[in-house]
Amino acid sequence: MTKISHDKVEVVIIGSGIVGSTMAAELGEAGFNVLVLEAGPERRLSDMISSQIWSRRLRWAGPEVRETGDLVGAANFAMGWGTGGAGLHWYANWFRLHPDDFHVRSLYGRSLDWPIGYDDLRPWYDHAQFYFGVSGDDDSNAPPGEAYPMPAISLSKQSQAIKAGFDAEGLTLTTNTLAVNSAPYDGRAACLLDGWCDAGCPIGALANPLVLQWPRARKAGVELRHNAYAARIETDPSGSKAAAVVYLDEQGRENLQPADIVISACHTIWNARLLLLSVSDKYPDGLGNGSKTLGRYFTSHALTTIHGLFMQETEPHLGVAGANTLCLDGYDDKQPAKDAFGSRAWLVGQAAKPNDLLGTALARPEKYGEALDAYLHQASLHYGNMTVLCEEDSMPENRITLDPSKLDRYGLPMAYVSNSLPQANAARSELAKAEGLRIFKAAGTSDAWAGPRNPMHMMGGTIMGNDPSASVVNSYGQVHEVDNLFVAGASLFPTPGAINPTATLAALVFRTAEYIRTHRSELLP
Amino acid sequence: MKGRRRFLTRVIPTTFWASITMRSLSQNAEAKTVENTSHKIFTTTEAKTLTAWCAAIVSGAEEAGVAQFVDQNLAGDQAASLLLLRYLDASDMAGFYRKGISGIEKECLHRFGLPFVQVTDDQRVEMIQAAIASDMQVWTDPDPNFFYFISRSDAVDVVYGTQEGFAELNIPYLAHIPPPRPW
Numbered sequence: 001m002t003k004i005s006h007d008k009v010e011v012v013i014i015g016s017g018i019v020g021s022t023m024a025a026e027l028g029e030a031g032f033n034v035l036v037l038e039a040g041p042e043r044r045l046s047d048m049i050s051s052q053i054w055s056r057r058l059r060w061a062g063p064e065v066r067e068t069g070d071l072v073g074a075a076n077f078a079m080g081w082g083t084g085g086a087g088l089h090w091y092a093n094w095f096r097l098h099p100d101d102f103h104v105r106s107l108y109g110r111s112l113d114w115p116i117g118y119d120d121l122r123p124w125y126d127h128a129q130f131y132f133g134v135s136g137d138d139d140s141n142a143p144p145g146e147a148y149p150m151p152a153i154s155l156s157k158q159s160q161a162i163k164a165g166f167d168a169e170g171l172t173l174t175t176n177t178l179a180v181n182s183a184p185y186d187g188r189a190a191c192l193l194d195g196w197c198d199a200g201c202p203i204g205a206l207a208n209p210l211v212l213q214w215p216r217a218r219k220a221g222v223e224l225r226h227n228a229y230a231a232r233i234e235t236d237p238s239g240s241k242a243a244a245v246v247y248l249d250e251q252g253r254e255n256l257q258p259a260d261i262v263i264s265a266c267h268t269i270w271n272a273r274l275l276l277l278s279v280s281d282k283y284p285d286g287l288g289n290g291s292k293t294l295g296r297y298f299t300s301h302a303l304t305t306i307h308g309l310f311m312q313e314t315e316p317h318l319g320v321a322g323a324n325t326l327c328l329d330g331y332d333d334k335q336p337a338k339d340a341f342g343s344r345a346w347l348v349g350q351a352a353k354p355n356d357l358l359g360t361a362l363a364r365p366e367k368y369g370e371a372l373d374a375y376l377h378q379a380s381l382h383y384g385n386m387t388v389l390c391e392e393d394s395m396p397e398n399r400i401t402l403d404p405s406k407l408d409r410y411g412l413p414m415a416y417v418s419n420s421l422p423q424a425n426a427a428r429s430e431l432a433k434a435e436g437l438r439i440f441k442a443a444g445t446s447d448a449w450a451g452p453r454n455p456m457h458m459m460g461g462t463i464m465g466n467d468p469s470a471s472v473v474n475s476y477g478q479v480h481e482v483d484n485l486f487v488a489g490a491s492l493f494p495t496p497g498a499i500n501p502t503a504t505l506a507a508l509v510f511r512t513a514e515y516i517r518t519h520r521s522e523l524l525p
Numbered sequence: 001m002k003g004r005r006r007f008l009t010r011v012i013p014t015t016f017w018a019s020i021t022m023r024s025l026s027q028n029a030e031a032k033t034v035e036n037t038s039h040k041i042f043t044t045t046e047a048k049t050l051t052a053w054c055a056a057i058v059s060g061a062e063e064a065g066v067a068q069f070v071d072q073n074l075a076g077d078q079a080a081s082l083l084l085l086r087y088l089d090a091s092d093m094a095g096f097y098r099k100g101i102s103g104i105e106k107e108c109l110h111r112f113g114l115p116f117v118q119v120t121d122d123q124r125v126e127m128i129q130a131a132i133a134s135d136m137q138v139w140t141d142p143d144p145n146f147f148y149f150i151s152r153s154d155a156v157d158v159v160y161g162t163q164e165g166f167a168e169l170n171i172p173y174l175a176h177i178p179p180p181r182p183w
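Going line by line, the protein sequences match chains B and V.
With the numbering used here applied, the first sequence corresponds to residues 1 to 525, in that order.
With the numbering used here applied, the second sequence corresponds to residues 1 to 183, in that order.
Be a bit skeptical, because a hint or two may be false.
Said to hold, decoys possible - Only pairs whose alpha carbons sit at most 30 Å apart, straight line, appear in this in silico DSBU-like list of lysine-lysine:
1. B:Lys241 - B:Lys157
2. V:Lys40 - B:Lys406
3. B:Lys338 - B:Lys441
4. B:Lys406 - V:Lys99
5. B:Lys406 - B:Lys292
6. B:Lys219 - B:Lys157
Simulated from the structure, these hints should not be mistaken for laboratory data.
Quantities reported herein were computed from a predicted structural model and do not represent experimental measurements.
Construct the entire structure; sequences and hints are all you get.
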């Protein structure tokens, strides 16, 4: 097939979401000639329609991911499609990994270690929270860092109702830290607390790439090319340098985009898949797979939601979709009981609308007919919820592979994700569920119940490490065998902790951008 | 797709209460037409079956045009689809619904000797309960429990997930950008 060839750029970034757009803005502002390839269509603020039904168009619409195991099933829900990627429907929970999360192997003899520690990332966490705009108060359970640039969003009626349960359990419920403006910030409006976060925030109170990174990147001259689905990365004849990205356009034609530096920033599953697809004589098992760890150590967070109906009115439709409040008490105790392992964090008081996966109706899937109607009328006034995230050990068996027996719409082997929660983590999750039900009972609910265990967030697959024989990239995301090829995003995480990954992946992006800036002469010919 | 099925099956307790009375079932069962609009993917019979099934799960689903909602979105570009199914199994969405509707009819004929639109309210309830409990006798593909989950979500979308539905639940809509139409 004849490829359409394009002029060489200095940097090509695959993916326009939070990771790709932040990297593009950083490198564009540093004077690099940057092109971003986005698989989906162009998005505008006017696409952020306040409706759980209409917001589905912002979610993944690329090739299917095949999944198996007991902690899978949310890939299409989690990923984005179009300008800004998942950054258009993310929940803006903003947490730092704790110091012990970086050294699980050394401290507990299980899972993995990061090649860097909290102190290495701390200045980048500080930088990122001012860049994104984070609201939050001091929390003695959170790792040390600069004060947040905005005060926290105040307690919602839902959180006020639930707080009594935490008090009774002797646990501290604090305000949450969110990349949502509690006051006007950096030219963006303050949040109206109307609970439409995951349908997109067109007023820009929630930091999203359309209002934050892309205006900066465009001003810096970054080019964004839509409907460009990356199919593989090609190397030079020696195999030591990435030479170009081959992508398919809307007509299915192959396009060759040469570049001096290639950065894959297209979400956890697709970062690994793209490298696995990039086979050659020199790399028959995939690019960057000299260690045979490419695709391995995939992790998620084991999530359980506690639901309840309260006597008082809770205004569940108001607030933020992420969480209004937070409990990190006990997070650092990774061994809360014999045979149970992992941290846990409570995210409390998520705004809930009637429909969609996280809506009040699906909180009670067994109800139908008149009972459903009666429940929804009650829930619209009295519903409350909280979600616990539990840590998953990093295991080589949990992995992303290619399934050559199933081809996607472009004729490429589909991604196949296998993830099962280790028994000790499952035991930790069960402890947390029992704790949550106690909290809701103590808070005076008339009815409280736990949802099923589900996955949330996707990490690993292109893990970082100092040892090229046991990891895919170094701590900057630089592929061990190909020094002008970088991977960015949560796929780098050797361990996931038990908190949402965006603050950490953003901190890593800023750190990598700084590395590329300071090694410009070595990376550019 | 085994993982997805297990995920959704776990959502629904198999021991679930059965003493639920249903509103408007007889009205729905007597309906002679689903919508005046012709369908692009479904046959008229398929649309009637899906409508009756969804109306047995969510009162008002027929009037809200649930079959048209599903049909219209199956007929369009998948990237613009408004169906919740796209999160969980987008590999063959039209096939999923068609096979599910076929499963309803096959199971209903096996149990009662009649199509779903012709059985009694109690018999419809029995079918819904069997789907929730994963206790179908001849309907296996797609997983009836998963089909219930998805079709219930579609019905909830059109009845409760619109501005009109919010108003019915006394929830202020508070849109930044209101939807151009319900769906």
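Here is what the structure says about each hint:
no.: 1; hint: B:Lys241 - B:Lys157; verdict: violated (56 Å)
no.: 2; hint: V:Lys40 - B:Lys406; verdict: holds (28 Å)
no.: 3; hint: B:Lys338 - B:Lys441; verdict: holds (25 Å)
no.: 4; hint: B:Lys406 - V:Lys99; verdict: holds (21 Å)
no.: 5; hint: B:Lys406 - B:Lys292; verdict: holds (22 Å)
no.: 6; hint: B:Lys219 - B:Lys157; verdict: violated (41 Å)
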